[in-house]
Structure formats: structure tokens, C-alpha cells
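So the protein lines, in turn, are chains A and B.
Per the numbering used here, the first sequence starts with residue 2, numbered consecutively.
Per the numbering used here, the second sequence starts with residue 7, numbered consecutively.
Since the hints were made in silico from the structure, they are not lab data.
C-beta atoms are modelled at their ideal positions from N, C-alpha and C, and glycine is treated no differently.
Incorrect hints may appear among the rest.
As the list claims (entries may be wrong) - Covered stretches of chain A, going by a simulated chain B footprint (3 or more residues, C-beta under 8 Å): (1) 288 to 300; (2) 376 to 389; (3) 423 to 437.
Claimed, not checked - Result set (BS3-like, lysine-lysine): computed pairs, CA atoms no more than 27 Å apart in a straight line: (4) B:LYS495 - B:LYS421; (5) A:LYS431 - A:LYS157; (6) B:LYS194 - A:LYS368; (7) A:LYS431 - A:LYS453; (8) B:LYS676 - B:LYS658; (9) B:LYS605 - B:LYS194; (10) A:LYS368 - B:LYS495; (11) B:LYS495 - B:LYS185; (12) B:LYS185 - B:LYS605; (13) B:LYS658 - A:LYS431; (14) A:LYS453 - A:LYS368; (15) B:LYS185 - A:LYS431.
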Amino acid sequence: MNFPILSVIVFTPVVAGVILLFFPQDRHDWIRWFALAAATLALLLSLVVFIGYDSAEGGYQFQERAEWIPALGISYFVGVDGMSAPMVLLTGIVIFTGVLISWRLDDRPREFFLFLFILATGVFGVFVSLDLFQLFFFYEIALFPMFLLIAIWGWKVTREYAAMKLTLYLFIGSVIALVGGLVMVFSSGLETFDMLQLQTAGFSTTFQRIWFPFVFFGFAVLAGIFPFHNWSPDGHVAAPTAVSMFHAGVLMKLGAFAALRVGIVLLPEGARFWAPLILVLASINVIYGAFIAMVQTDFKYVIGFSSVSHMGLVLLGFATLNRDGLTGAGLQMFSHGVMTALFFAVVGMVYDRTHTREIPRLGGISKVMPLATVAFIVGGLVSMGMPGLSGFVAEFPIFMGLWRTQPIIAIVVVISIVITAAYIMRIIGKVFFGAMPEEFEGQFGDVLVQDKVALVLLSALLVLIGVYPAVMAPMVASGAEAVLRALGVG
Amino acid sequence: MIEIISWLIPLPPLLAFGLIVLFANRSNRASHTLAIGAMLISWALAMSVFISAVSGGELPVSTEVEWLPTGDTAFNIGTWIDPLTAVTLFFVAWTMLAIFVYSVGYHNYGNARDPEDRPGFPPQAGGIEPMYARFFAFISLFAFAMLALVVTDNLLVLFVGWEIMGFCSYLLIGFWYGKDSAKAAMVKAFMTTRVGDVFLLLGLAYLYSLTGTLTYSEILLNAETLERLATTPSVLGPGTSAAALIALLFFIGTVGKAAQWPLHTWLPDAMEGPTPVSAMIHAAAMVSAGIYLILRIFPLITAGWRHGEPLPDVMVIIAFIGAFTALFAASLAIGQNDIKRVLAYSTISQLGYMVAAVGMGAFVAAAFHLITHAFFKALLFLGSGSVIHGVEHGAHESGEHIDPNDMTHMGGLRKKMPLTFWTFLIGGLTLAGFPIVTAGFWSKDEILAEAYGTNHLAIFIVLALAALLTAFYTMRQITLTFLGEPRSKAAEHAIESKWTMTAPLAMLALFSLTIGWAGIPKGFPVLSSFIPNWVHEFVGATLLEPVESLEFNVIPLLVSVGVALGGLLIGYLMYRRQEAGAPDPLARLGRVYVWIQNKYYFDELYDFLFVRPLFWIAETFVYRGLDRRVIDGTLHGVAGLAGRLGGFLRNKIDLPIVNRSGDFVGEGIKTAGYQGRVIQTGRVQAYLIVGIIFAGAMLSYIFFLS
């Protein structure tokens, strides 16, 4: 058997987290460097998977399989396809940059990194799971550390409220999805949780139409679908920087990804039946999030609601159920993950220095933190779909797919790009280039070198995919192809 | 050879941008040397392409490479040199080169930096611009975007250039970001053009989803594809063809970029940027890109239409918006006192001519006017910048505090700034369409002749009226600025600008005079017998089907001569004796004048119709109402209910009934707890270790069982 690379990726973070516990509590430097080493390993391995994946061949690669509880048809079964390989890479990037960004965290870093790593293992696990039970297992592992991370290390004012809200929303969502998943397994008659086999179960149309909403919307809560999005901006704001990055950058994709893999792929008829509703809800997401982001005065809430808006584009892409839309949605998941991690990183850097997130009270950041400014502008241009950057590469196919299904919705949704430009431009103009308030004059310096590495890596990715989409697009397209086959139109 | 050169044309300015940003941002000399050097290389490459194209080389020339593999087919990008590309390259390269050189003098290169000048504010007393290097970096990026947009062979890269230019214009309009007005203008320009851009994006998505390609040759020069698009009903239902809807979506992009009514409001405000930027946006690049787009997609606009037939709906819309904008903006230009704002409205108006021409199917006339306009409008903008510079100097010398842009404080500058005066006069007369000797006459006349010759009398009358107003406001501007006696101390002390500013003016003036001779209509008395209508033959060959040139008709000619001379004369007579502080003669128009001064209240109207409702909806309805009250309110309500239910269970059932029996058990557990206290250290990590060991044990148990 070959080197079990996916398993190593999945378990590297949690093992590293456990090892961290044996470090002396006050040696923060050792802890940070070790955490960085582990994150680097995870990043490099996920890069190996990304590069090693053969898009021309398609399908699930790097498969590993072991019996787990055969009595119940549960196995440990992992593999990646064109949709999940970029997500694995994204997780690697966000964990790596998240550790770098957390360099200045001085409050119990050891425990912080442990929880962050448990979270990472959960996320990696979901992306590579091909067994439904295992998927739920990792899904819950990914959810529970969030509560602690926010409640312990979060923003003092709202952290308990936000942590509770987030946890309740997500657990209720996952329970509903679990019910749907279990019903599928038990009524399939196959006595297996293997999703590749479940795909061939041939559920009746009525069955699919009844159970699709359970699975899809249960997971889509985590993707922030309207009207179940409200946990997310509150959660983003209360969370510490690295957790916000993880949260908006990867975790929301987890919901979208699971909704695609378990909902649309396993219950294609249901997807077709419910697609119009998803289209409507997701377009509300896009516009609604953009509108609210426009009037927020809290820097972090702006980014939080912009995530709600952009995740709407991912769900819209799914709901088109055609090649362009699905490919665009896959690219958008990656692009938005990197972009929003970048945003939250910069917001965190600004907040650490000014101790305020009120946009009217900020200004002149560009003079002190030029690199962070450039990085934020790159992210901003991505979010408004500027061609030459990854946002355009993702949004253009989505709009193409959308136009083909619902031109009216496409016209309505495209207006949101203008609103996105409005709130991004407002922040750039005020926070970065506005006059610096006197109280900040000479009060703080530029970001750390670790921060710079993270910012450069994130912005470079956004540019790379924008300028040369061929590094990722064919892979995602092969993943979309597989979904289309499940839908019976590929 | 041309293939390789066409790839190289946009690259030097991009390289210059990168080098200035990375290495040369501390050195003023290095930054302008890099920028101008790069522009010079691009200019030389562009000229070699142009020359080889006009000297009978095989056209079009195209190349492509694979960029984005999508499914079975690959998305290729490449270059495309056809006659339209060649002439556009010609005027873009020349005007940009002039603007680059001019910027050196405009930003006071050679003077020491004034310690009082702060970045983000215009220099007050002739000191060098504090962000000199940044300026050259930005305009280099701008130039790259425009050149890429011109040489590309597909609409996607065109869109890329289009958007980069939009972003550069945002940066450059707000170059002096310390001024609140500049900050507002940069956002307004970006947002307004973006409204157009998103529709263009939809048009691209639609076109691509129908044809699977965005390459010119496969759509615009493919009769079969055009035929299919023209006969496919659009997604909006039967009645409009797909081609018409796509053309309309693209046209909305042009409306935004070329500042046509109703998306015109950003352009006059964009005057907040440094003057070379105004020339860049209003003449050489951005607005020209808007027109270039509708010229490019001309076959799509006219798909299914033959010359001479009644215009289809989409062309009627285009022609209407163009003609209306031409007159509308010209009527606003007559009431402006800011020298640059007159030119801004004039730009909108002149672009309206081109749009109207496209709407009437007059491809060559539109392209011809695009070329001449680029030269004379760049000349006028740079000339006005030179005037402002001179007056600023005068204001500084005399210690007088006036708005250096305000023409009512000028007058008599012809003696102080002779070179600026003569070149500005040439530019002005060209804009007004002074007969025979100026290029503007030939190109505007061609549009009027088309309107008349194809029996679009309404358009003809509107455009002729606009031409009358054009001649009038031009002469008003020249008279107020240069003629008569100085009306302020600042104007008395004004001096001529440096050679780096005046040399580009002279060069552009030369083109303004001569370029029109390339397009003398067939049948024009005397002249046409020895000068062929080169523009018509060359540019007309861009299209699949060559355009018939119209029979020469003397009526539009007489009208266009009449309105030009008449307007100039009225303007001169009304303003030649204007006294300092005297009211504008137009004030006699009463309320109309107030409306004109307030730009017909469009800014206020849009604020009332769009901006405020948008913010109201976002803040009050969506955020406070829906998100916080309804959604969160429901959530909190449910949570409160659950809490109360919990309280009920605890107080009414749990405590009285369950607990009593439980107390007995509880005591027993308490005892056990005391004994087990030794493992409760209160340290988080100890709990975690125990937890993990326990979880590990559980997992191995499960594995062991299986």
C-alpha cells in the first residue's frame, strides 16, 4: 500500500496538538515554532495532494480504506476528487497562516493551538471523507472546539453570546442533517455508510424530495444560508483572529461542501426539485449580506456580512446544477476562503494596534502598515470580482451558469457587485487612506514578519489563480463533472 | 514579426509600473525616466504595427495562446490587429506619450520640494509633487490596461483592461486624496462606471454561454454565428433577439464608461484629479475605450440589419441616448465657469456624437470622430492644465486667493501664455468644427452627413443644435480665458509653462489640424479630387461587409459650416467685453441658467432616488428590521421560551418531586466526590490529557470490537 498521505494530513494537527500538551506552559516560543512546524507539514502534504491529483483522470484519488465497525457498515474511507482537493489545500493554507497570524497571542497559546488543531483535523476529515458516518464524525469534531475557542479567547463583550449562538445553530443544523443521513442509509437497503455505494442506491423521487431539505439545509446552515446565517457574523466578530480566519475561510466551506456532497450528489432528484428555492435563498444571501455590510460601522462586521454575501454565490453556483455554475462555485469556495482569511487577518492586525474596530474612528493605516494595506486592497478587488484576480475567475462561471438558468436572478444578483464595491471602497478610503486620528499618531508600528509572510502568501494565491486559472480550474471542473454525472446530465 | 510586436505593445508600461513600485519609488528622476521610456517603446512598437498595417500588410493579424482550459475546449487569449486596432493604437500611443511627457512639467519636476506640501494635497507654491513617483506608476498601469484592451483578440481581456482602467481611474481621480471632494469623486467615478460594468459582465456571460467563445474572429467576423445570434430569441422572451440583448448589455457598459446619460454624473467630478489624468481619462483612454467597445461589437449590434433598412430597437436606443447626450451635455457646458468642467461636459457631448453614429450604423464616422476627438480633447485638457498652472503661478506671485480654474478670473492670457493660447485656439476651433482646416470639422460633418443622408432627420437636428452650442461654449471659453483684458491680479501675473508642457501641446495641435484630411468625403468640391477618403477605405475594411459611402450632399455641409461659424461668432460677441465681477450674460436666461448651473439637479435626483433609499433599505429595513428584529428576535424569543420552560421544569417538577428522592443518592455521590478529589487539579491540560486518554481508550475499544 502506498503512503497514506490523506490520513497523515488529517491526523497531523491533532497529534501535534497532543504533543503540544507536553510542552512547558510558559515556553511560548517553543510552542509557536512547534505549531508552525506542524502546520507547515500539513500545508506541504496538502500541496502534494493538490499537485499529485490527476485532473484528467478525475474521480476519487489517494483512496484509503479500512474496516471500522463492519457490523454497521461503517468504514474508515478517505479520498479526494476535484472538488475536495482544493479544499484540502485551502485548509492547509489557512492553518499555516492562522498559526503565523497568532504569533502575538500570549494567553495560553498551548491550549489555543491544541483546539485550533483539533478543529483542523475535523475539517480535513470532512473534506476527505467518503463514508457518511465518518463525515459526520469529523463534522462534529470540527464544531466543538469553536465554542471553546470563541468563549475563552474571543472578544470579551460578546463572546459568550456568540459562542452559544453559533454552537446551537450548527449543532441543530448537523442533527437535522444527521437525521436525513441516517434515513438514507437505513432505507437504502445497502447496509453501508459508504457514500460511493449510496450514490447508486436509486432512491425514489418522492423519497429524495422529502429528505433532501433535511440534508441540504442542515449542512447549509454552516454555509450561512439565509435565514440561518445569523450565527456567522456574530461568531466571526467574537472570535480571535486566527479563528475568524478559520471560521469564515474554511468552516463555512465545510457546510457548503457537505451540502453538495451529501445533499446534491446523493439526492439529485431532490436537488432538482428544491433548486429554485435554493436559488432564491442564496440570492437573498448575496444581496442581503452586501446591503448589511454597507451600513456596518464595525470593521469586522463588514467582513462578516460580506462572507454571508459571498457564500451566497457559492450556493447559487450549486443551485444552477450546471457545469459552469458548479465549477464557479468550487473556485469561489477556494477564492473566498483565501480572500476572507486575508481580510480577517488584516482586521485583526489593525485591531491589535488600534484597539477599536469602529470604522469612523480609524484612519491612516496605510502609512504605518503598507503591506497590510496592499494585501487588503488585493482582497478587496477579489471580492468585487476584478478580472485578473481569483474572484473573477470564480464569479464569471457562476454568472454564466446562472444566466442560463435564471437570467432575472443573475441581473438582480450582479447588482450586489456594485454594493460590494461600495463597502470595500469605503473601508479602503477611510481606514487605510483617511486622515489618521491624532491618538494613533506614532502609537504603533508595522506588522510582524510572520504576519507579512502570511499576507504575501494569501495575496499571491489570489493573484496566481486570477492570472493563471489553469492551476485550479481543470481540477474543479473535473469535480463538477462528477456532480453532473450524479445528476444524470454529465 | 507583427505578431510578436503586437504582444509586446502593452508590456513596457506594466514593467515600468512594477519597477517604479518596487525599486524606483524614492527617485523622481528614475520613475519618470522609466515611465516615459516604457511609453516610448510602446509608442514605437505601436507605430510599427500601424505603419505595417496601413502600408498594405495582410490584415487582420492574429495570434493566440492557451490560457484557461475549460472542459473540452480551451480558452485562448491573443492579439488581433485589424484596421480599427491600428488606428486606435495610433491615437492612443500618440496622446499617451504626450500626456506622459506633459506630466513631468505639470508636477513641477526640477523644483525643490516645498516642506509645506503634504502627500494627498496639490502642491501650493510650485514645489514638486510629493507623490511624483506614485503618479508615474499609476499612469503606467493605466497605459498598460488601455493598450492591452486595444491589442487583445477577445472580449474577456478587453474586460480585464477595462476594469484595471476603472481601478486606475479610481486611484488617479483620488490622487489628491487629502481633499474631500477628490475622495468623493473617486468613489463616485468608480461606483457609477461599475454599474455599467456589471451589465457588461452579464453580457459577456450571456454571449459566452451561447457561443462558447469570446474571441472576435469567432463571433464578430463569423457570419454564421452572427446570424444564429440574431435569430435566437433572447432569454427575456421572444421579440428581442439574443444578439440585441447582448448588444444592449454591452452598451450599458459603454454608457457607464463613456459617461453617457443617465450615467454621466461621474465625469465632471472626475476633474478633481490632476490634469494629465483628466486628459488620460477623457481623451486618450477610458472614455475612448467605451466607444471602442461599441465599435468592436458593431457587427453584433447590427446583426440582422442591412444598411438602409429601418433601425432595429437596440440601434434606436443607442442612437437616441447618443444624440440626447450630445445635446444635453452641450447645454450644460455653456453654463460652467470651471475651465476643466466645460471640457468635461464637452467630452460627454462629443462622445454622444459617436454613440449616435454607431446607433445609426455609421461605423466609419464614429471611428473617425473617435480619433480626431482624442487628439483635440487631449490638447484642450493639457492646454487648460497649462492655463491653470500659469494662473496658479500668478496667484502665488500676487498673493491673490482665487480659484485658478475659474474662467471669470482669467482674461487676456493670450499675451502671457502665447504658446498655450495658440494651441488652445487650434484645439477649440477643432472642437467647434471650424471649416476645412480643422479635423473636427471633417469628422463631425461626416456624422451629420450620415444622419441627414440616412433620413434620420430628428437626430440630424439634435446633433446640429448640439454643434451650435459646442461652437458657442468653445468660443465663450476661449474669449473668457485668453481674450480681452485680465480680470484678476493672478491673470496679470500668469506666465507661460515649461517646454515639457508646451511641446506636447504643439504636437497635439499639429494632429488636430492635419488628421482630418485623411477623411475628406468623396464628392467634396475640389479637395476630394486630389485627396482620397483614406479613413473610409481603411477603417471600413474592419467589417465583414464593406460599408457603402454616402453620396455627397451639400445641405448637411452648409448646416455644419453655419452652426460652427454662427456659434463661434455669438460666443465671441457675447463675451468679448466681459468685466470682472459682472454677471454672466447667460444669467439673463433666468431659471434655465440656474438649472444649467446646477446640472439639471441630476446629482440631487440620484441622491434622492437611489443613494438614500439604498441606505435606508440597507440600514433600517434589512439590518435593523429584518436581520436584528425579525431573525434575531425570533431566535431570542425561542431561546427565552426554552429558558422559561427549563425554569418551569426545574422549579415545579425537578425541585419538588425529583430532587427529594434524589437527595438521598446525592449524598452518597458527594462522599465519593470527596474521595476522588485528588484527580481534580483544576488545570485545563490535565483534564485534556485525561479526556484524550479516555477517548483513545474508547476508540481502541471500538476498533478492537470490530
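How the hints compare with the structure:
1. 288 to 300: The restraint on the stretch 288 to 300 of chain A holds, since 6 of its residues have a Cβ under 8 Å from chain B and three suffice.
2. 376 to 389: Answer holds; 6 residues pass the 8 Å Cβ test.
3. 423 to 437: The restraint on the stretch 423 to 437 of chain A holds, since 6 of its residues have a Cβ under 8 Å from chain B and three suffice.
4. B:LYS495 - B:LYS421: It holds: about 15 Å lies between the C-alpha atoms, which stays within 27 Å.
5. A:LYS431 - A:LYS157: 26 Å, holds
6. B:LYS194 - A:LYS368: 24 Å, holds
7. A:LYS431 - A:LYS453: 22 Å, holds
8. B:LYS676 - B:LYS658: 25 Å, holds
9. B:LYS605 - B:LYS194: Holds. LYS605 of chain B to LYS194 of chain B sits at ~16 Å (cutoff 27 Å).
10. A:LYS368 - B:LYS495: Violated. LYS368 of chain A to LYS495 of chain B sits at ~39 Å, over the 27 Å cutoff.
11. B:LYS495 - B:LYS185: Given pair LYS495 of chain B, LYS185 of chain B holds - Cα atoms ~26 Å apart, limit 27 Å.
12. B:LYS185 - B:LYS605: The given pair, whose Cα atoms are some 22 Å apart, holds under the 27 Å limit.
13. B:LYS658 - A:LYS431: Roughly 56 Å separates the two Cα atoms, so the pair is violated.
14. A:LYS453 - A:LYS368: 16 Å, holds
15. B:LYS185 - A:LYS431: Roughly 13 Å separates the two Cα atoms, so the pair holds.
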